[in-house]
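Engineer: So you can see what is in the structure, the chains are spelled out below.
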Amino acid sequence: MSLKVVVEKRLESFMLDVEFNAPTPGIVALFGPSGCGKSTTINIIAGLLAADRGQISLDDDVLLDTRRQVAIAAERRGIGYVFQDARLLPHLNVASNLGYAQRRARRAPYVSRERVLAMLDLEPLLSRRVHQLSGGERQRVAIGRALLSQPRLLLLDEPLAALDRDRREEVLPYLETLRDQLSIPMIYVSHQFDEVLRLATHIVLMQSGTVVAEGGITQMSLDPKLRGLIGPDAVGAVIDGTVIGEDPASGLTRVQVGNGEIKVEAARLAAGTRMRVQLLARDVIVSTRMPQHLSVRNSVQGVITAIDADGTGKAGGVGSDLVSIDIGAGASILARVTGAATRELELAVGTSAWALVKAVSLRGHSFPAPSPPLERGGAT
Amino acid sequence: MIVPTHQEVEALELSLSVAWRSVVFSLPPAIVIAWVLTRRRFVGKTLLDALVHLPLVLPPVAVGYVLLLLFGTRGPIGGWLDRSFGIVLIFTRNGAALATAVMSFPLMVRAIRISLETVDRGLEDAARTLGAGPLDRFMSVTLPLMLPGLLAGAITAFSAALGEFGAVITFVSNIPGETRTLPLALYSALQEPGGEHAAARLAVMSVVLGLGGLLLSEWFARRVRWMLGR
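So the protein sequences, as listed, match chains E and W.
With the numbering used here, letter number 379 in the first sequence gets 448, and the count goes up by one each step, no holes.
With the numbering used here, letter number 17 in the second sequence gets 253, and the count goes up by one each step, no holes.
Quick caveat, the hints were computed from the structure, so don't treat them as lab data.
Any given hint could be a false lead.
[To be verified] Computed Cβ-Cβ distance ranges for the label pairs, DEER-style:
id	chain 1	residue 1	chain 2	residue 2	range
1	E	R137	W	D285	24 to 30 angstroms
2	W	R275	E	R337	38 to 44 angstroms
3	E	E81	W	V268	30 to 36 angstroms
4	E	D128	W	E454	51 to 57 angstroms
5	W	V268	E	R221	31 to 37 angstroms
6	E	D128	W	R357	27 to 33 angstroms
7	W	T274	E	P301	46 to 52 angstroms
8	E	Q250	W	R275	37 to 43 angstroms
9	W	R357	E	R337	31 to 37 angstroms
10	E	I141	W	R357	16 to 22 angstroms
11	E	G168	W	A298	49 to 55 angstroms
12	E	E81	W	V297	50 to 56 angstroms
Built from N, CA and C at the ideal position, the CB exists for glycine as well.
Please work from the sequences and hints to get the whole structure.
Structural biologist: Structural data, given as structure tokens:
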């Protein structure tokens, strides 16, 4: 099943010309710099904004087809929308805001009020007035309200952008819960890569009104176009692995990634749990021999598949290089090394190498991964 | 001295009754016109806007005269109302209410427009994504949110209706017990020799009434703002 979007709209500053095809369910991240047309795109999907030309279909239902003059009204699309500024109705309290959505739901309920209250911890807020809520609480209520309209697609427009760091950390786990417990497809608009990294199953990369790349998160994390957008310090492979168990000697959690294994600090997790790990390129050390006598806890063997200069110029030059190491099972690790190291170690495509990562550098870079059906390959 | 006379009570009751009717009759069309002028674009919008504001710049006597022409028993609308429904407006308190409604209509529309402009369209969009159709959105989001302005407009119009003189006396004359409202009674008292005392008492009543209305409207506005969490 999938969400197909092809839309065109002339805007004041640029031409929006977007086309993508995202697998459902799962969280599709619409990622790109501010002002690249992400919000405009989801407003068109929601039906709040008219497209000049285009087709939008969700699974087998056509929501918009300008060639056939089909344009379902926003209120009949069954698409939930969580706005950046929550937009709770100020004249109603929390319970009434939820009830507002529940009464107007046009589909048979698939998620009950009790379940929504439990998943988002809304019970204690029910009798509160909207202006008595904190920013994080507001967003939780807004998400709950959108869910109670029983949508078949949920749009989230930078729902955490108005929150400070602590509040964002407070809301993120709720979004992970929704992703893993409900099978509702979501489109998550953001220009913060750390949010996308934690939530997304599929990334659609946008720049000045067009889609420049799309695919599963692992594949996209290696894409040079994404690297250019997120800044050198955030570049690194994102791999969904499986927990093997606890390492008794170190107390660390063993996670299978590709054909190798790494150890991360994590709360005790059952074997088989999916875990997403971000290995920042700047934290990865490359060795051409089996490493010994090192404090590093993690070494994964693989084959070098690419060496790119990390900026302009040639690999093995003055600046730094990005080395891609294939570690099997479709996973790769990116390592940033100096050009001098590339030359001295005689790194070359096709040769064997070890990627070394300190367990402590993975602190804050491992998260619960979407439970299987995770990626449907890279449908670009 | 403190006890009002029969005539004074009659004029007061009549004024309140006329003002009340005038607000009730003009509120729904004022909401519609304000909504159309704020939210819609159409040819002739400037003309409609000017027409609504016309009573503000015309001499009230002229408005009363136009009403007489249109709503008199031989006028096009008045004649039809009389023949079809047996409704006579001329020389009645309903006629007085119509005259005050027309005079205070621009004030009402203006207050409602201002409150409508402050309603966050984003909230209407949010309601839309939750499945609310156009009428539903208006009733469940727009109307409650513009309530402060609506009340302010209604109270202003009510106060203005209490004081309307020219249009009323021209259209429905000055009949004790039927169309002689406070200002008309005040005017009549001044016409009689030695009526200054009675006129002063009526003037004091008008001041008390006006002040009470203003205080009431302020209290209402605060209460509603609190309800809306602002």
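Engineer: Next, verify each hint and record whether it holds.
Structural biologist: Here's how the hints hold up against the structure:
1. R137/E <-> D285/W: 24 to 30 angstroms: 40 angstroms Cβ-Cβ, so the 24 to 30 angstroms window is violated.
2. R275/W <-> R337/E: 38 to 44 angstroms: With Cβ atoms ~58 angstroms apart, the hint is violated.
3. E81/E <-> V268/W: 30 to 36 angstroms: holds, 33 angstroms
4. D128/E <-> E454/W: 51 to 57 angstroms: holds, 56 angstroms
5. V268/W <-> R221/E: 31 to 37 angstroms: This hint holds: roughly 36 angstroms between Cβ atoms.
6. D128/E <-> R357/W: 27 to 33 angstroms: The hint (27 to 33 angstroms, Cβ to Cβ) holds, given that D128/E and R357/W are roughly 31 angstroms apart.
7. T274/W <-> P301/E: 46 to 52 angstroms: holds, 50 angstroms
8. Q250/E <-> R275/W: 37 to 43 angstroms: holds, 41 angstroms
9. R357/W <-> R337/E: 31 to 37 angstroms: violated, 49 angstroms
10. I141/E <-> R357/W: 16 to 22 angstroms: The hinted range 16 to 22 angstroms holds for I141/E and R357/W, with Cβ atoms some 21 angstroms apart.
11. G168/E <-> A298/W: 49 to 55 angstroms: About 52 angstroms separates the Cβ atoms of G168/E and A298/W, which means 49 to 55 angstroms holds.
12. E81/E <-> V297/W: 50 to 56 angstroms: Since the Cβ atoms of E81/E and V297/W sit about 51 angstroms apart, the hinted range of 50 to 56 angstroms holds.
The structure fails to meet hints 1, 2, 9 from the earlier list, while all remaining hints are met.
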